[in-house]
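Chains as they are written, first to last, in the numbering used here: chain A, 34 to 242; chain B, 34 to 242; chain C, 34 to 242.
Hints in this document: simulated from the structure, not taken from any laboratory.
Note that beta-carbon positions come from the ideal geometry of N, C-alpha and C, so glycine has one too.
One should not assume that every hint holds.
What the hints assert, rightly or not - These stretches of chain C come out as covered by chain A in the derived footprint (C-beta under 8 Å, 3 or more residues):
(1) 68-81
(2) 88-96
(3) 146-158
Unchecked claim - List of simulated lysine to any residue pairs, SDA-like, C-alpha gap at most 20 Å:
(4) C:62 x B:178
(5) C:232 x C:126
(6) C:62 x A:94
(7) A:62 x B:175
(8) B:62 x B:175
(9) C:62 x A:63
(10) C:62 x A:175
(11) C:62 x C:127
(12) C:62 x C:180
(13) A:62 x B:185
(14) B:62 x B:149
(15) B:62 x C:185
(16) A:232 x C:63
(17) C:62 x A:182
(18) A:62 x B:178
(19) A:62 x B:63
(20) A:62 x B:235
(21) B:62 x C:182
(22) C:62 x C:111
(23) B:62 x C:234
(24) A:232 x A:216
(25) C:232 x B:63
(26) C:62 x A:179
(27) B:62 x A:178
(28) C:62 x A:100
(29) A:62 x B:234
(30) B:62 x C:180
(31) B:62 x C:178
(32) B:232 x A:202
(33) B:62 x C:179
(34) C:62 x A:62
(35) C:62 x A:178
(36) A:62 x B:179
(37) A:62 x B:172
(38) C:232 x C:185
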Amino acid sequence: MSVDALFAVLDYAGIWFFAYSGGMLSARKSLDPFGAAIVGAVTGMGGGTLRDVLLGELPVYWIEEPSYLGIALFGALLGYFTSPWAQSLASRRIVLNWADAVGLSVFCVIGAQAGLAAGAHWSIALLTGVMSAAFGGLIRDIIVNDVPLVLREDIYALAALAGAAAYVGGVTLGWPVEAVTIGAATLALMLRGCAIVFKWSLPAMKISD
Amino acid sequence: MSVDALFAVLDYAGIWFFAYSGGMLSARKSLDPFGAAIVGAVTGMGGGTLRDVLLGELPVYWIEEPSYLGIALFGALLGYFTSPWAQSLASRRIVLNWADAVGLSVFCVIGAQAGLAAGAHWSIALLTGVMSAAFGGLIRDIIVNDVPLVLREDIYALAALAGAAAYVGGVTLGWPVEAVTIGAATLALMLRGCAIVFKWSLPAMKISD
Amino acid sequence: MSVDALFAVLDYAGIWFFAYSGGMLSARKSLDPFGAAIVGAVTGMGGGTLRDVLLGELPVYWIEEPSYLGIALFGALLGYFTSPWAQSLASRRIVLNWADAVGLSVFCVIGAQAGLAAGAHWSIALLTGVMSAAFGGLIRDIIVNDVPLVLREDIYALAALAGAAAYVGGVTLGWPVEAVTIGAATLALMLRGCAIVFKWSLPAMKISD
Numbered sequence: 034m035s036v037d038a039l040f041a042v043l044d045y046a047g048i049w050f051f052a053y054s055g056g057m058l059s060a061r062k063s064l065d066p067f068g069a070a071i072v073g074a075v076t077g078m079g080g081g082t083l084r085d086v087l088l089g090e091l092p093v094y095w096i097e098e099p100s101y102l103g104i105a106l107f108g109a110l111l112g113y114f115t116s117p118w119a120q121s122l123a124s125r126r127i128v129l130n131w132a133d134a135v136g137l138s139v140f141c142v143i144g145a146q147a148g149l150a151a152g153a154h155w156s157i158a159l160l161t162g163v164m165s166a167a168f169g170g171l172i173r174d175i176i177v178n179d180v181p182l183v184l185r186e187d188i189y190a191l192a193a194l195a196g197a198a199a200y201v202g203g204v205t206l207g208w209p210v211e212a213v214t215i216g217a218a219t220l221a222l223m224l225r226g227c228a229i230v231f232k233w234s235l236p237a238m239k240i241s242d
Numbered sequence: 034m035s036v037d038a039l040f041a042v043l044d045y046a047g048i049w050f051f052a053y054s055g056g057m058l059s060a061r062k063s064l065d066p067f068g069a070a071i072v073g074a075v076t077g078m079g080g081g082t083l084r085d086v087l088l089g090e091l092p093v094y095w096i097e098e099p100s101y102l103g104i105a106l107f108g109a110l111l112g113y114f115t116s117p118w119a120q121s122l123a124s125r126r127i128v129l130n131w132a133d134a135v136g137l138s139v140f141c142v143i144g145a146q147a148g149l150a151a152g153a154h155w156s157i158a159l160l161t162g163v164m165s166a167a168f169g170g171l172i173r174d175i176i177v178n179d180v181p182l183v184l185r186e187d188i189y190a191l192a193a194l195a196g197a198a199a200y201v202g203g204v205t206l207g208w209p210v211e212a213v214t215i216g217a218a219t220l221a222l223m224l225r226g227c228a229i230v231f232k233w234s235l236p237a238m239k240i241s242d
Numbered sequence: 034m035s036v037d038a039l040f041a042v043l044d045y046a047g048i049w050f051f052a053y054s055g056g057m058l059s060a061r062k063s064l065d066p067f068g069a070a071i072v073g074a075v076t077g078m079g080g081g082t083l084r085d086v087l088l089g090e091l092p093v094y095w096i097e098e099p100s101y102l103g104i105a106l107f108g109a110l111l112g113y114f115t116s117p118w119a120q121s122l123a124s125r126r127i128v129l130n131w132a133d134a135v136g137l138s139v140f141c142v143i144g145a146q147a148g149l150a151a152g153a154h155w156s157i158a159l160l161t162g163v164m165s166a167a168f169g170g171l172i173r174d175i176i177v178n179d180v181p182l183v184l185r186e187d188i189y190a191l192a193a194l195a196g197a198a199a200y201v202g203g204v205t206l207g208w209p210v211e212a213v214t215i216g217a218a219t220l221a222l223m224l225r226g227c228a229i230v231f232k233w234s235l236p237a238m239k240i241s242d
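Go ahead and model the full structure; you've got the sequences and the hints to work with.
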């Protein structure tokens, strides 16, 4: 599989999983299916849209290729309508967190790659990685008036940063891009997954208001 | 009246009505006049701004033509200062909903037209239509910390989608653009208006958290 | 000192102070250090990012110059970790408000300058000034789910507007740009500072819902 094809597959996968998390959250918030489609599409395509806007790659990627929107809507509506079923398997929160985690781990690598491809400094590529990974979920949570997962969960931005750093580091060392890509995304997913399973967290400032 | 002039008139009308809704909501939230001007300008010009950014038509439309800002500020302050008067006529919520509905029905058509003009697929033109129609009000509600109308009201994104679809369909069939434009905007306004008057809604998932 | 160097110094100062306010607010909201870094970076660089996107100056300014990110992260983490210390000196709210005020007064001038440099009408340069000044703090407050300071505090957008107007007016009159820049930023800071110290406010509409 070529590097381009690998990135395309990961891109679609990330959009689908993020959109699924958006659809599922919409069901929990008692939105109707159209609201779920909007929240899901924004969650799935928000990170890549921000990335394209900031880097000046306009029009944004989904304007000229309708299949991205199709994948996002499919994921959003599946998340919406399977939400009651997810409840019987386990807490919806767990499913939502894992779908979000897959999107996060894919987009931190894609975002870092886009930053490097635009000629940005490695530190900026880390930032575009974290932003691509976190923005969709951030907008999702702001729209439905939740405190954003990226701020509630400690190992979230950190997992995205680790994935982006592993990608940038591996590419800088000249390792094969396919292996670096898959390894970096896996690292981010493992970190985030451990945080979900073992409830890992960083110490926060405890200050009364 | 030429097609260009028609679109210009509709654009100003949409900005004015959305800005009016923003000014009126600002009064209800006890903001001062400067806050109302900000919320109104963002509501009126937000949808078109997002459309221009995503399509890469930069600088955005209001940078080079100050009259858009003037119309938005006029609408916002009128909405702010007539808010007590609206109360004596009927519930402010009704007036706000109708001003918002006019903006919605105009911008779904303008947004779809901009998408088609940028060479996007018809499905993407529907999306740019819905986004142009919904974004200003979404930002308005997020800023003042309301649950967005687009998520609370069932026939909202759906009305915008119907208007955008009618425009795209009519243009594809080769019908006269002026008639298609006015017909599509009227359809969206009627749908949204029926939802306001008759409290139409779609079934939502009822799931306890 | 050349005009360019003056603007560069002010830009870094504004980013640092806004990021500091973001880091401090993050501590008050019990975020972890990574959340604080995100909120601080968004607060510090948000206004300039919006300005660049709307004017079409892409990629945005911090993509090619990593030192902006460095300054923002430094400010954010300093604000985060000095938050308990600020408590013992005075109310954190006061420190946060003053850091925010310095950012505001610098960015209203920089934003107005960017608008004029892009060939915009003077009224639009006022708008880009106010938006650059207010956007970072607006996003900061939306992310942590506070009612935005720009809407809660009456002399906020007004102070930014005064600074932007003083800059645009002074430049139009042909006065020396360095003096106009420093004078306009000082005016905005004094207005905002008086509002903080003397609790100045504008009359707001008092309407029960």
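Hint check:
no. : hint          : result
1   : 68-81         : holds (count 5)
2   : 88-96         : holds (count 5)
3   : 146-158       : violated (count 0)
4   : C:62 x B:178  : holds, 17 Å
5   : C:232 x C:126 : holds, 13 Å
6   : C:62 x A:94   : violated, 36 Å
7   : A:62 x B:175  : holds, 16 Å
8   : B:62 x B:175  : holds, 13 Å
9   : C:62 x A:63   : violated, 28 Å
10  : C:62 x A:175  : holds, 16 Å
11  : C:62 x C:127  : holds, 16 Å
12  : C:62 x C:180  : holds, 14 Å
13  : A:62 x B:185  : holds, 10 Å
14  : B:62 x B:149  : violated, 38 Å
15  : B:62 x C:185  : holds, 10 Å
16  : A:232 x C:63  : holds, 17 Å
17  : C:62 x A:182  : holds, 14 Å
18  : A:62 x B:178  : holds, 16 Å
19  : A:62 x B:63   : violated, 28 Å
20  : A:62 x B:235  : holds, 15 Å
21  : B:62 x C:182  : holds, 14 Å
22  : C:62 x C:111  : holds, 16 Å
23  : B:62 x C:234  : holds, 16 Å
24  : A:232 x A:216 : violated, 23 Å
25  : C:232 x B:63  : holds, 17 Å
26  : C:62 x A:179  : holds, 14 Å
27  : B:62 x A:178  : holds, 17 Å
28  : C:62 x A:100  : violated, 40 Å
29  : A:62 x B:234  : holds, 16 Å
30  : B:62 x C:180  : holds, 11 Å
31  : B:62 x C:178  : holds, 16 Å
32  : B:232 x A:202 : violated, 56 Å
33  : B:62 x C:179  : holds, 14 Å
34  : C:62 x A:62   : violated, 24 Å
35  : C:62 x A:178  : holds, 16 Å
36  : A:62 x B:179  : holds, 14 Å
37  : A:62 x B:172  : holds, 19 Å
38  : C:232 x C:185 : holds, 12 Å
Of the numbered hints stated above, those contradicted by the structure are hints 3, 6, 9, 14, 19, 24, 28, 32 and 34, listed in ascending order.
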